[in-house]
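A.B. asks: So the chains spell out like this:
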Amino acid sequence: MLGIITFLVLLALGYGFGQWFERSHYRSILEREQELKDLLIIQSKIIPPPFSSGHETFLVDGSVVISVDYFKQFVAGLRNFVGGRVTPYETLLDRARREAILRMKEEAKASGADVILNVKYEMCSIYKGRRNSIGSVEALAYGTAFLPIKTMPGER
Amino acid sequence: MISNLELIPGKRISKHLGLVQGSTVRSKHVGRDFMAGLKNIFGGELKGYTELLQDAREEAVARMIEQASSIGANAVLNVRFSTSSITSGAAELFAYGSAVVME
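Protein chains in written order, with my numbering: chain A, 11 to 166; chain B, 623 to 725.
Just chain B, same shape as in the assembly:
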């Protein structure tokens, strides 16, 4: 269970287990890069990139959840996302939150 609030309605936090995080660095492939170059002339949405970043973000969240469940948590609260482009070819997607035991 993940949420970006500090509590979940109707549930009580019985234990705090500290910060958990998950991250992934993804780079785009040449085909997409070429399309992006074209789109930089015409404008418009880069669907390939939207999907790529969405996939990467899901992976970061999955890693965060994995870490949380390995320390015995059943929920992650106050989740935040952060994206940073490291070089022009790759981006890091990062998700972090506070692992807790509910009920």
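Extracted from the complex, chain A is given alone in its bound form:
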């Protein structure tokens, strides 16, 4: 009996806080994506002509570890019986990737870069919860940022 009550309480807490975290996170993601949309990402290894000279390059990266909530874990567990889309995990991974990209862009912008090339993603589940289900995931995004070298007027 006590077990069932604890379970229900955890489920309710997970649902409440989880949904709240997710909504506020998506709001902040959308807001920052708007802010940073001028900083282009070009998914190419070949350097486009406008950036092939007069630029310094450096590696930028962004990473985030996001944890799943109890409710999502439970729903995903149920999903295992019937198969199909596991929507709670889809949003979890989507949030993690977009957050990683945003952090990378923020780092690039802080140092004055005007473009990022050749972005790669890396995903890793780092904490296995009970029954070996995914507890939290790490998303990493990294790429090469191009920083224009400031030249004195008249020089070049």
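Watch out, some of these pointers could steer you wrong.
Said to hold, decoys possible - Pairs of lysine-lysine residues, derived as DSSO-like cross-links and limited to a Cα-Cα distance of at most 30 Å, are as follows:
| id | chain 1 | residue 1 | chain 2 | residue 2 |
| --- | --- | --- | --- | --- |
| 1 | A | Lys119 | A | Lys130 |
| 2 | B | Lys669 | A | Lys119 |
| 3 | B | Lys637 | A | Lys160 |
| 4 | A | Lys160 | B | Lys669 |
| 5 | B | Lys633 | A | Lys119 |
| 6 | A | Lys130 | B | Lys633 |
| 7 | B | Lys633 | A | Lys55 |
| 8 | A | Lys47 | B | Lys637 |
| 9 | B | Lys669 | A | Lys130 |
| 10 | A | Lys55 | B | Lys637 |
| 11 | A | Lys130 | A | Lys47 |
| 12 | A | Lys55 | A | Lys130 |
| 13 | B | Lys633 | A | Lys160 |
Keep in mind the hints are simulated off the structure, nothing from the lab. Please read all numbers here as calculations on a predicted model, not as lab measurements.
Position chain B against the provided structure of chain A, taking the given hints into account.
C.D. replies: Relative to the frame of chain A, chain B by itself:
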């Protein structure tokens, strides 16, 4: 100088020195593990873990650079990262790239 492109604009590669790599295995401590357990109920970001992995990745990169400079390279190109969780308590961060001499 590290980059995940195969060249650096305005610079010429004068010599290739082969693959260099750096890795580190980190484990989390009990306090963080406890917080992670809580967060597994509520959801949300695990800031402690984000920092831990970021630190570890910096260390892996530092080791890679150390190896590169010990063989006389001044740049590492085409850098890749890889993360793998070995057990539930520890993760390995790995960075590798191609060491070159520029100019």
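A.B. asks: Of the hints stated earlier, which fail here?
C.D. replies: Checked against the structure, the hints that fail are numbers 4, 8, while the rest are satisfied.
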